[in-house]
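Engineer: Line by line, the protein sequences give chains V and F. Counted the way my numbering counts, the first sequence spans residues 1 to 89. Counted the way my numbering counts, the second sequence spans residues 1 to 622.
Note that these hints are calculated values from the structure, not bench results. As the structure is a prediction and not an experimental result, all values here were calculated from the model. Among the clues, some could well be false.
[Stated by the list, open to error] Quick list of the computed label-pair ranges, beta carbon to beta carbon:
hint, chain 1, residue 1, chain 2, residue 2, range
1, V, Ala27, F, Asp58, 16 to 24 Å
2, F, Ser196, V, Ala27, 32 to 40 Å
3, F, Ser196, V, Asp69, 15 to 23 Å
4, F, Ala113, V, Glu28, 30 to 38 Å
5, V, Asp60, F, Pro109, 20 to 28 Å
6, V, Ala27, F, Arg178, 53 to 61 Å
7, V, Ala27, F, Arg420, 40 to 48 Å
8, F, Ser139, V, Ala27, 19 to 27 Å
9, V, Asp76, F, Leu112, 40 to 48 Å
From the three backbone atoms N, C-alpha and C, an ideal C-beta is built for every residue, glycine too.
Listed here are the chains, written in short residue letters.
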Amino acid sequence: MAERTTVVASQSGLHARPAAVFVKAAAEQPAKVTIRKPDGEPVDASSILSLMTLGVEQGDEVILAAEGDRAEEALDTLIALLETDLDAE
Amino acid sequence: MLTRHSGSDLDVEEFDVTVQAGKPGAGTPGLALHGIGVSAGVAVGPVVRMAEPVRPPDDEPAALDPAAAQQAIAAALERVAVELERRAGLTDAAAAEILGAIAMMARDPSLLAGTERRLSDGVGPANAIDLAVEEVCVSLEAVGGYMAERATDLRDVRDRVVAHLLDAPQPGIPDLERPSVLVAHDLAPADTAGLSPSTVLAIITEAGGPTSHTAILAAQLGIPAVVGVARVEQPAAASDGGKVSGEDRIRALLVDGVVLAVDGASGEIVVEPDESVREGWTRRAGERQERLSRFSGPGQTRDGAPVALLANIGTADDAQAAAAADVEGVGLFRTEFLYLDRPAAPTVQEQTETYLAVLRAFGSRKVVVRTLDAGADKPLAFAPSGDEENPALGVRGLRLAQRTESLLDDQLTALAAAARQSEADVWVMAPMVATPAEAGWFATRARQAGLANVGVMIEVPGAALRAEQVLAEVDFASVGTNDLAQYTMAADRMLGELATLLDPWQPAVLDLIAATCAGAQRLATGPLDTEEGDGNGSRTARPVGVCGEAAGDPILALVLVGLGVSSLSMAPAKVPAVRAALALHDRDRCVQMAAVARVAADAAAARAAVVDLLEPEARALA
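Bound conformation, chain V alone (with noise of 0.2 Å):
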């Protein structure tokens, strides 16, 4: 299983559009995608429901873990796209 950590960019955290994102990203990768916080149990990253309920803002790390086919290509798009403000786009 392959694992990384980052830091949250969007101004809004992880709520409404950057949520969205992340969650039909997350849902396009062949490998199944988690994401927790530090102290958090992990969700499935293609719950946007599960996502907002992690109450994830700017500047928050999180954990994202992979398992299955293209695991690391998997985190190497996710983690671009959180640490892209995507609220500014």
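Put chain F on the given structure of chain V with help from the hints.
Structural biologist: Same frame as chain V, but now just chain F:
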């Protein structure tokens, strides 16, 4: 009940659930009902009732085939998602994004995981989705703020799925296949987003009062509307001997397909009107229209005293519609739409563009912009005001701006930038000002930002009583009668039951408007600042306007002018009647009307006394 009824074919059997005795159906055609007319105009058309959400039955049996039930739930969720996406395609970008996000929630794998578990535990399908959604909602509400609001969206998805599973009508405003009269218990802001005057002939609500959301929206769109039909005493049908509650009787009468004639000015409704009623009402509406169209241009009394007639607007779309109307500008531009339902505050750039679009629509006309009026009842994800026991008395309006100064400074910066790039005569005012010090604090900031005409809303009785000192800090005042009535009478605006106390005709409310105008007058003539004043009243008094439902009542408008108000701002559809009322009366008559209204015992007596002083030609406006 979706059966169509027409004419006297009303099926008596179907009413028996709510009306026990007699044959209400047979006695129905021609029956007159009364409510509170809140948006003028006459319409005749069939009822479409807004269905209320259906709850899953308590005694729902377990699914015989859990796998099939799971599939049915998945299919219902997908139907809801597809419908949300279809609606997203019909609306503007911002609303489409919200609807798209809700569709995504409906397709979320965690909901199906939740229902699968419950179905195999023996829970029925409708209860399974209900419990699965509620579980997520509790987690969202625990996060709070923006997420907690999304719980409302998710419960709406739940209501739609449950309706599909139980084969019940979809809650909310139905798709109108033909122009119809929309009947609802009451309308929430979310219900009204897609209302169009081309398909909604008229709106009738059982609850609600003159300042309810329904009333404001209908007036804004120019849709005839009657509210509070179940609260107004109706003539008891002989058949039920008055034993049936108002609400139940209205529910039984106003079912889908029943044709109604609606007069949004008088509040009259006729069930299954005959040809003579239809003709008479249509003629009456035409005559009223004709009478109003004789007057146009800037508002003035019969003897030529100018009274600016302005529009209230709440969105950029409103601005386009209002700019095309015969108004002298905008007296109240509510800016909340830029801030609500979003996770982060709008940038200065975004605000500047929006303000510029609004200002340009009005050319060189006057536009009064109210700075953000948010608070615990209109919460913002990025400026939380916390849980408050009494949001109306809490950190809202200017008080919120004082807590998060950058919000206000960004708004003033954006507005000043837009003002520089347009020809419009831009005025800015702060909501919920209570003291001269607050007025001064706001004026300093607004002037520093580069705005020349700075004012305050008068909504707090304390500010009305000390208007002279408050106005000394600013250039103008605008009375918000809805909130002023709420605070003067200590009656919550949201409680339809207190509509009588909230009536802007309450003499105590009129007294406070008079006090505001008197303060402005004293400031112009009096000794408050002897160096500036010459004691002869030669200085022009700071203008006092009214924006609020009171300004759009043609009879009350005369009283306001008599009290000393120099501008009236209202939904654009209300302007013609107010203009006509002013044109038919001299200013002295308005002063006399104000005097009799203020000495009346209560709101009803005040109105009656003023109606007695109306020119005969103006009575039809009442």
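Engineer: Hint by hint, say whether it matches the structure.
Structural biologist: Here's how the hints hold up against the structure:
1. Ala27(V) with Asp58(F): 16 to 24 Å: The hinted range 16 to 24 Å is violated for alanine 27(V) and aspartate 58(F), with Cβ atoms some 36 Å apart.
2. Ser196(F) with Ala27(V): 32 to 40 Å: About 35 Å separates the Cβ atoms of serine 196(F) and alanine 27(V), which means 32 to 40 Å holds.
3. Ser196(F) with Asp69(V): 15 to 23 Å: 49 Å, violated
4. Ala113(F) with Glu28(V): 30 to 38 Å: Distance hint for alanine 113(F), glutamate 28(V) is violated at roughly 20 Å.
5. Asp60(V) with Pro109(F): 20 to 28 Å: 23 Å, holds
6. Ala27(V) with Arg178(F): 53 to 61 Å: 41 Å, violated
7. Ala27(V) with Arg420(F): 40 to 48 Å: Check passed, 47 Å falls within 40 to 48 Å.
8. Ser139(F) with Ala27(V): 19 to 27 Å: 20 Å, holds
9. Asp76(V) with Leu112(F): 40 to 48 Å: 29 Å, violated
When held up to the earlier numbered hints, the structure conflicts with 1, 3, 4, 6, 9 and fits the remainder.
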